[in-house]
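Visitor: Using the supplied hints, reconstruct the complex from the two chains, each of which is provided in its own coordinate frame.
The lines below spell out each chain.
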Amino acid sequence: MTKLEELKTALGQQMDVSKMKFTHAVGDDVIELEKNQLIPALRFLRNHSFDFLMDVCGADYPARAKRFDVVYHLFSSKEGQRLRIKVALAEGESVPSALQVWRGADWFEREAFDMFGIIFEGHPNLKKLLTHHQFVGHPLRKDYEADHQQHCDSVQPIHFLNDENSRGDVLNENLVPLNIGPSHPAMHGTLRVMVELDGETIVRVNNEIGYLHRCFEKMAETHPYNQVIPYTDRLNYCSAPSNNVGYCKTVEKLLGVEIPARAQAMRVILMELSRVIDHIVAVGTGGVDLGALTSFFHLFTYREKVYTLFEKLCGARLTVSMTRVGGMAQDAPDGWFDDVLAFCKDMRGGVDEITKLMLDNKIFIKRTQGVCPVKSNEAIEWGYTGPMLRASGVNLDLRKLTPYYGYDGLNFDVPVGSNGDIYDRYLVRIEEMKQSLRIIEQVCKNMPGGDYTIRDKGIVLPEKKDVYGNIEGLMNHFMLVIKGLRPPVGETYDATEAPNGELGFYLVSDGSANPYRLKVRPPCFAIYQSFPHVVRGSMLADAIATVASMNVIAGELDR
Amino acid sequence: MLGTQTSDDFSRSFAFTTKLDAIVAWGRKNALWPLPYGTACCGIELMSVMGPKYDLARFGAEVVRFSPRQADLLVVAGTITEKMAPILVRIYEQMLEPKYVLSMGACASSGGFYRAYHVLQGCDKVIPVDVYVPGCPPTPEAVLDGVMLLQKMIATQQPRPWKDNWKNPHDQA
Chain E
620 MTKLEELKTA LGQQMDVSKM KFTHAVGDDV IELEKNQLIP ALRFLRNHSF DFLMDVCGAD
680 YPARAKRFDV VYHLFSSKEG QRLRIKVALA EGESVPSALQ VWRGADWFER EAFDMFGIIF
740 EGHPNLKKLL THHQFVGHPL RKDYEADHQQ HCDSVQPIHF LNDENSRGDV LNENLVPLNI
800 GPSHPAMHGT LRVMVELDGE TIVRVNNEIG YLHRCFEKMA ETHPYNQVIP YTDRLNYCSA
860 PSNNVGYCKT VEKLLGVEIP ARAQAMRVIL MELSRVIDHI VAVGTGGVDL GALTSFFHLF
920 TYREKVYTLF EKLCGARLTV SMTRVGGMAQ DAPDGWFDDV LAFCKDMRGG VDEITKLMLD
980 NKIFIKRTQG VCPVKSNEAI EWGYTGPMLR ASGVNLDLRK LTPYYGYDGL NFDVPVGSNG
1040 DIYDRYLVRI EEMKQSLRII EQVCKNMPGG DYTIRDKGIV LPEKKDVYGN IEGLMNHFML
1100 VIKGLRPPVG ETYDATEAPN GELGFYLVSD GSANPYRLKV RPPCFAIYQS FPHVVRGSML
1160 ADAIATVASM NVIAGELDR
Chain F
-19 MLGTQTSDDF SRSFAFTTKL DAIVAWGRKN ALWPLPYGTA CCGIELMSVM GPKYDLARFG
41 AEVVRFSPRQ ADLLVVAGTI TEKMAPILVR IYEQMLEPKY VLSMGACASS GGFYRAYHVL
101 QGCDKVIPVD VYVPGCPPTP EAVLDGVMLL QKMIATQQPR PWKDNWKNPH DQA
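Sequences listed follow chains E and F, in order. FYI, the working numbering numbers position 328 of the first sequence as 947, with every residue one higher than the one before it. FYI, the working numbering numbers position 9 of the second sequence as -11, with every residue one higher than the one before it.
Everything hinted at is true.
Derived BS3-like pairs (lysine-lysine); straight-line CA-CA distance at most 25 Å:
hint	chain 1	residue 1	chain 2	residue 2
1	F	K33	E	K924
2	E	K654	E	K761
3	F	K33	E	K975
Computed Cβ-Cβ distance ranges for the label pairs, DEER-style:
hint	chain 1	residue 1	chain 2	residue 2	range
4	E	L790	F	R49	23 to 31 Å
5	F	K143	E	G1068	57 to 65 Å
6	F	K105	E	L790	30 to 38 Å
Think of the hints as simulated: they come from the structure by calculation, not from any bench. Glycine included, every Cβ here is placed at the ideal spot set by N, Cα and C.
Next comes chain F alone, as it looks inside the complex (with noise of 0.2 Å):
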């Protein structure tokens, strides 16, 4: 059978034809290795989306990493104080590229119901960050929605003017 068939017809029964970056994207996207900041309550309900029921592996990101060196995506999830925020943009900055930040939480994102002399006013003060979840703290759902939103921002290669602008708010020069 095979000597009948034309050399273009074999490839076509096992390949298919794609653009180099889709692809790439699509490997991304289900590829996801979070680096989970868990700093107050929201790092628990986190733990519930880690865990049994809600599952996160389900979308290609159960490994979890607690190296900077070894994940692309930060989930910040707790409040971030101003003595936090430091060893938070030194996190951010260790992490290759590409890497995405996934604000968890009204403390992560606004400094929350906490208007407080020790409270940074959101986490995006210091990083930008891709996906804000809301709740206190937000449902493992939410959080999961979260994750598909950032696939979503993944695959389609939307442009991220907040991270290509970003400078790092604490270096002198």
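For reference, chain E alone in the conformation it holds in the complex (with noise of 0.2 Å):
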């Protein structure tokens, strides 16, 4: 019996399951049902094991004639098991909001209500979430054109939301309004905070995000699947190539292909080096937010090591598209893999020196010991994943409850937080450091030979030198490059432990040479939007150094 029957006969001992459809596609269960059933149905499989409600998402069939799906995505952290839920709506139609079973859902449905114009019922703020605010239209609907600007003249003023008992947008005038960014040191450039404050203290947030709304989804079903690379490295753009690896490897999962040995290991090295450089960030600016800016320009040093590291590899120092669909681009240079030890060795140094510099730091332990913590069990509720959910003491890392790569031979430690609070997120994210290094180190020790990609002609272009070299690598690269690479009709979900947490990709493949539909997971959207509730009641310093602990990337946050 699979699981999928498993649930079918759990589900059919609460529900009239005879009209749901359950089906396994490219990997992963799906259970299509109506949308009267989608509340006790969420319910039920999140008390079965289902705890982590990842995603939610739309996706636009024009042709249909319910043209709108609502996917969700569910994970269960016990058994690593991953499900789709899929509800079919025509236009104008609504579905209950899940925000009744998952406090996460609350931006995930804002979303698809702001890119495809899907009513959630009961949704208390069921505003614009990415787009601003004199956009008329859902733009991921197949029949907006990707290049239809419309144009913002204004700023809207300081808002709230509807909360529990709250007053929506009238401000109280015994209080503070203070509005912070977008613009802001401490908003990393993008983030806009609205705060109402009572003294020092804050009474109400609200956050508003869009700011850097590029239309990633948009131009990944306007160009064909390679070219789609470089858009995904500006998505976390501290750790570009974890991006990298995280779409190629959907997409390889839809085409059913298994890269060799020897790309897996340098995609597990740059992934790993990418979570060191993005720790590096995280730690550094959030050491500036609170004053300490000498901790910042020391571990920029250990950055430019590693941008090295990638020019010598490629050529680019930060956004490197150095996967392909089927493998990497190339080998590395000869010695590229000693330069890689030699900087593990080097980096070690620099982790003890910063848990020196800020973890023993008395300034630092008091401003974040203790501030703003989240309980393990809230922290589930708003999906948060990666250090963030680590340090609230739950030890998920799909590293090693779904490991990928070769992960599960390779000998490292997950590092779990106690408290939840600022303090356990940065002792998590430098003890991630010193494991990534260990895995670095491992790998290449024992860097497997052969081919770094594979040598599929319908998926992989010819090498340079056949392609110039003799008709055949010709023709294919002709092939490759007026057919497209063009994975069967099918979509599929997966996911990657980027620095942030889970990165997932949704991918709909309709047979053509462009994506149908590319839906982006960031980690860290699940995490901002829990930002109001952690840090009503404290202090407004306290704020800006919950902001900088959560590592906000704007380019995945806003896509």
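Guide: The following block contains the structure:
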């Protein structure tokens, strides 16, 4: 009996399953159901074992009578099992909000409303999330032109959301309204936080995002598969290679190909190097936001060293685009792995220094310990993943739970915090840097030989010497460029453990050369939506420290 | 000894003559105070430019100011979306004269490869830009080159019609 059949039996005892469709598609279990069954089914599944709601998104199929799909991605952290729930909706039809089951559905539903115009009944704040307030229409619908711009000439004044017992947009004249950002050093360029203060205590908060909404998902729909890779670089630009890997891994899953061992090992090195440099930015700028400039400048020396490694590998520093669907773009140059090993040795000293500089610093401890903690059950409900979740005491790491690329054969530990406060978040990140170095060293020392990519002529371009050297190579190159890489019709969801948490890609293919729909599940999106609840009642300065500790990267937040 | 010298000789030993404009320009070009308007990936590369290896301080531009009132060089580093455009204009207007704008990277200069519904196709659609630095993101060397180019513009007091003729695109009047 498969997992899906078990689930069907269990679900059948609770409700009528005759109208539900149970399928298994490209490695994922899928249940299609009608909207009136959605909430009871989600409740049941949550209690059954699916504790995480990873993603809610829309998809548009204009040719169908019911043109929209609302897609829910559930995840069981005990079994590492994933489940996709789909509800079909006609234009103007609404679906009950999953907010009553998972608080973390909040922003995901608002985004689906913004992008597709899907109405979620019972959502208290069904407002635009990513596009500006003067924007008309729903850009991810297939009938919206990708390059149809609408100009914005004003900024919304301070506004708040409807929470329980709240006054909505009405300001209290006894409190001080304060706007922070988006152009503010602590808001990392593109976040906007609005607060009402009683003295220095925060009474209520609202955070507005979308200032860096660069239409990634629409761009993906209008570009061939391999041309999407540079766009993925710019999602979480602090750790660009890990996005490349996440995306290519998803496309490869849909294609059903396994990449060679050498490519897997190279990807692991790239991902772990990017985890180190991502945490460098998180820890460094976190220090800056608390007034500690030294750690930032000091850590950037190490970041530059990794940039030099990337430059040596492919010529680019920040946005490397080193992966291709089917493997890597090229092999590493001679001696590169030795350079990586030398860096690891160097970096160990750096991590020790930073531990002393920050974690043992009296001011840093006083500013962070016990500040704005998040309990483990709350973190799960919001959809926290990655270091933020582990700081709250939940031991969940996809590299351990559902290993890929040979992580199961590597020796490393998963650091877990206990209090969920800001201090623990940095503690976990700094320890993760050490563990990443351990992984890199193991992989570099046991680098498998062989090819760096598969050689399927329908997927991977032939090498340059073949393109110029023989007619067959030339023809294959021509065919692949003209016809494009075409995965079979189908859909899949795949996730990797990115530095910030679970980076998921939901990919729908209609058999053409461009993705039909590509939804990114960015880790910091789920985390940052909890911000108003986490900082309410604390001091203003603690809110700044909290934003920094969440490591919100606008590129993946707004996409 | 002093008594035998004329006062003119004396002044020549520690003073020099110049035009007032030239010495003011010299001071301006070597004391740029940048406002890093970092919105995206270029913002991370801008950190490298400020950081220990490339060190923008060597060009007299190390005093980073996040208040537009205290800055005279606006470095637009990253994609400017339609939603961000009115804020960028407001920041630019709040800066005091003389002020300069450096557009860092493809997105800020032209929208880059985001020919998309929510991306402003170049920040020069709303504010006047003095120097464009190409790249996605540009290397720190390219940014330093852009700053040096701007310094040359300031030193030679190059006319800037794009700035003189600029009007706030969002003004209703």
